[in-house]
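*Asks:* Sequence:
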Amino acid sequence: MTARRKFLKTSAWLTAASPMSSLSLISNQHDAGTFQEPMRDVPIIKDTDVIVCGGGPAGVAAAIRSARSGAKTTLIEMYGCLGGVWTVGLLSNIIDYQDKPGIMKELVNKLNANNAQYSAKVYDAELMKLLLDEMCVEAGVEIRFHTRVVAAYRNKTNRLEHIITESFSGREAWKANIFIDATGNGELSAQAGCGFQMGHPETGKTQPGSLMAILTGLDQDRIVNEGFTGRRGYATEEGKKAFWKEIKRAGNKASYTMPTLFTIRPGLVAMMANHQYGMSATNAHDITKATIEGRKEINQITNRLRDLGGVWKDVRIVATGAQIGIREGRRIKGRYTLTADDLMQGARFEDAVCRVNFNVDVHSLDKKSGGAYGTHSVRAKPYDIPLRSLIAADVDGLMMAGRCISGDFFAHASYRVTGNAVAMGEAAGQVAAQAVATHKLPHEITYLP
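Numbered per the numbering used here, the sequence shown spans residues 1 to 449.
Bear in mind the hints are in silico, worked out from the structure with no lab data behind them.
Even glycine gets a Cβ: it sits at the ideal position worked out from N, Cα and C.
Each hint should be verified, as a subset may be incorrect.
Stated by the list, open to error - Computed spacing ranges between beta-carbons, pair by pair:
| id | residue 1 | residue 2 | range |
| --- | --- | --- | --- |
| 1 | Ala437 | Phe145 | 21 to 29 Å |
| 2 | Ala437 | Glu138 | 18 to 26 Å |
| 3 | Glu134 | Glu166 | 23 to 31 Å |
Hey, can you work out the whole structure from these sequences and the hints?
*Replies:* Structure (structure tokens):
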């Protein structure tokens, strides 16, 4: 009895100390379809120079460059590691990284030095997590994991000034001079009131998602010799077609007709073999449904391949991504919008932050479209991304980096890959730090790479 009384006293003390507990006891249902949350004071836990929201490839590069340039920088990430689709999503390969200087080149060199790459494009996700942690810590970036931005507030001059986050620590407010949205889906920008576009200009449909998997039990020499992947472990067009035939031979109705295998290291292979159609990156129900369906399809494909025997006899799933790979979300309205015409003309800009060499890559928008990918007749030449596409048009003090920058559907289908995201992030971080140092807004900065 004494122990029970002691527990109850402790529980009451903890409840009374919680800043949110008294609010949770009093509710006010506004009407049948809404709930009116009680007002509360939210503690401002940080007043800093630059806050980067999203710790994927773009966000990490932005935070590192900002901190190295002298700005006090905080990086907010909703998962428990950096890297985003690289690590949480198990993408395990970098596209359009060649000839990218700065942080992209530095990272590739570090991956090579740590034996984290089997081929030029493919890396070990666990070692990638560690390297990104180390690079951010060494640069002086303050990292906050398990934290998500849920609201953003402008001041009277239309400048973004505060954001609100939710985490294990509860609801918290943060203040900064400059914010960088590297959330992928443009969550911070949308919360701040920026205009945006999503989907195909005629249908509104977005590209499908894909859930990655890591496999073991495959003999490297055999999958190369039998034509399912390239000599250096990276997928070829012929290898994708051969793998698709095997998936069909095993009795699967493949949602993606160009499935991919690429070797992380001998005995460990990444697989992308599904398309989740009709998925909106801004709808939690859609993402949940797509994740469940993707995981089921991956397991079914793997189990049936194993039943075939031969090269597949020992194949097993090591892991599936904790985050489904999202190809397309919001495209935030910037001070310049990249277009398909820019790509076809190989546009050059004085304020260029990145040279893109990747083609237009539109994956089938629905099951009827064949389940593959194509250019939709947009033939891109190498082109520049201007700084203006990284600066929000509707809100001051806000930049974007990664696939949520300002571009049309077809331009986005080219620049969205992670090698470009790193370059964009690095430029955004540099400009943000310059803006802080000179007491200017990003659009007032002359970018000098």
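*Asks:* If any of the earlier hints don't hold here, list their numbers in rising order.
*Replies:* none
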